[in-house]
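Below are the chains, spelled out letter by letter.
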Amino acid sequence: MFNFFMIVFEQSMIYFPLVLGSYISFSLLKVPDLSLEMAYLIGAFFGGYILQIMQGCSLLYILFMVIFGSICGGMLVGFISSCITYFGNIPHLLSSIITFGFFQGLFLMISNPYISLAKFDNVFMVMPYFEQYPELLILLMINFCICCMGVYVFRTQLGYSFVIFGCNPTFFQHFKISTAYVFIMGVVIANGLAGLAGFFFAQTNNLVEVNMGIGKSLFCITTLILGKTFLYHCKNSIFMPILGVVIYFGLQQLLLHIGFDLKYFTMMQSLLVLMILLTIYNQNRVQHDQLGV
Amino acid sequence: MNMIQYLSLYNVSFSFGQGCSQFFDNIAIDFKVGQINFICGKNGMGKSTLLKILSGNIRSKNLQGILQIDQTLYDLQTFHDVNKPIAFVVQNFNTMLIDNYTFYKNLQFSLLSYYPSLNLLPMILPLPTFVENYKINLNIPIHLLSGGQRQILSILMVLQRSPKILLLDEPTASLDEENAKIVMNFLQDLCERENITIIAIVHHIEMVKKYAESSYFELYDDAGLRKIRSVLI
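Residue numbers (my numbering), protein chains in the order written: chain A, 17 to 309; chain B, 1435 to 1667.
No lab work stands behind these hints, which were simulated from the structure alone.
All C-beta atoms in this analysis are idealised placements derived from N, C-alpha and C, irrespective of residue type, glycine included.
Worth double-checking, as some hints may not be accurate.
According to the in silico footprint, chain B covers these stretches of chain A (three or more CB under 8 Å from chain B) [what the hints assert, rightly or not]: (1) 160-172; (2) 180-187; (3) 191-204.
Full structure from sequences and hints, please.
Listed below in C-alpha cells is the structure:
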C-alpha cells in the first residue's frame, strides 16, 4: 500500500507543472492551448541540452540551470503561439497547430528523434532521501515552490486577469490593462510550466523523445475534469489541478493493480471524461465551457 | 470630489479619413457642469462619434479641436495620451462586467490597473453609500442582477477612478421603463452627491424632458455637415 501511494505521489509530482499550466490556459484563460504538447517536448529538450553541456558542474547548480532552461524552452513555444494568435488575428487552436508543426520540424532538424539522458548525471539525485524513490523529495520541493508561487500569483492583478480574460476578454479595454499582455503572459507561463514538466518526465525516464508531448492535452483535460468534478463548488482553486492529477494517477495505479493493460488506458481516459461530462456535469448543471474544464 | 467649474468643447472638426467629406465642422458646445447634459439626434448624426472624441478614443489626423476643463486646454488629437479626468461607459455595458463574480468583486476588478502585475489586490473596497438605496445584493453573482442594477454597476466601476466627467452612451437603451427610471434617478443622485458632470446620449425625448434641467443638445444635419444646437425645454 505504501508503494502504491508513493508511486501515485511521484507520478503526480512529475506531471503537476503540466497540469497547472493547462489549468491556466484551459480553465482560466479558456483557450484551447494545444501548444502545451510542444512546450512539453521543447522544455525537455532545452533541459536535456543544458544537462549535457553542464556535466562536471555542481549538481545543485545544474538543477537550477535545467529548471530555468526547460521553463524558457516552454515559454518560447508559448510566446510564439500566443503572438501568432494575438498579432496575426488567428484562432489559438490554429496557431497552436502551426507552432506544433514548426517546432517538431525544428526539433528533428537539430536533433535525433530520441536523446538518451542515461549517460548524464541525474539532477534529482541532489537530495536522494527516499531509498526506493530518490527523485521524490526534490520533485516535492520544486512543486511546493511552484504551488506557493501559483497561490501568490492567483491573488495578484495578473492572476485575476487570467480569470477575467476567460470570462470576458473585452473587459481590459475599458480599464487600462493591455489584453495582449494578459493573454501572452498567460499562455507563456502555462507553456513554461509544461516545459518544466517535460524535463521532469525526460529526467525520470532518461529520454527525450520527439513524440513525448502527443496526447498530453487529453491527459490535462482528464485531470482538470476530475479535479473540477470533485471541487465543482470551489471556483478557480489551485487545488483543482492538484486533486485532479492525484486522482488520475490513483486511478491509473488502481487499474494496474487489478491487472488492466495500460496500453488501453487512453481509451479508458476518453470514456471516463465522456462519462463525467454526460453524468455528473449534466446532473449538477455544470457549464460545458471551453474544453469542459 | 472636486467639482469642475467650466467644461467646453470648441473648434471641433472631424472627417472619417483622407478624402472623406467633413463630418463635424467647427462644432462648439458649452456643457453645464454638475448636471446631466443630454445629447439627442437621429441615427447617424454622430452622437457616439462625438462621445468617442470626448473620451479620447478616436486617434486620427483628421480630428481637430480643443477641450477646456476649467483653465486646462486639451488638444483632442493628443487627448488619449494624458491622464484623463473623463470616464466613459459604452452602450454595451455588459462588455465591462464579469458575470460569474459578485458586485464587490467586479468593483475590485475595476481597480486592477492600480495594482500592477504582481501586486496583491486588496480584498475589501469601500462602496459609495448610495448603492444601498438601489437594493443591490452585493454578494450574489451579477448575472442575477437586473439590467438597471448592472448598468449602475458599470457606472460605479468607472467611478472608482474618481473622474470629474462621466460620458454615457445610451445608458437606458437596453432597459425597460422601470429600470431606465432607476438608472436615471441614480445619475441624478450622482450629480447631486458627487458633483459629477454627466454627458449622456439618450434617444427618448420624454426622458430628456423629465430629467434635463432646462435644455438639451441636438445634433442635426445641415447640408451634409453635422451641427449641434441647444434646445430649450
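#### Entry: Coverage of the segment 180-187 of chain A by chain B, judged on three or more residues with CB within 8 Å
holds (count 5)
### Task
Closer than 8 Å, Cβ to Cβ, for at least three residues: run that test on the segment 191-204 of chain A against chain B and report holds or violated.
Our answer is that it holds, as 3 residues pass the Cβ test (under 8 Å) against chain B, meeting three.
### Query
Three or more residues of the segment 160-172 of chain A near chain B by CB distance under 8 Å?
holds (count 4)
No hint from the list above goes unmet by this structure.
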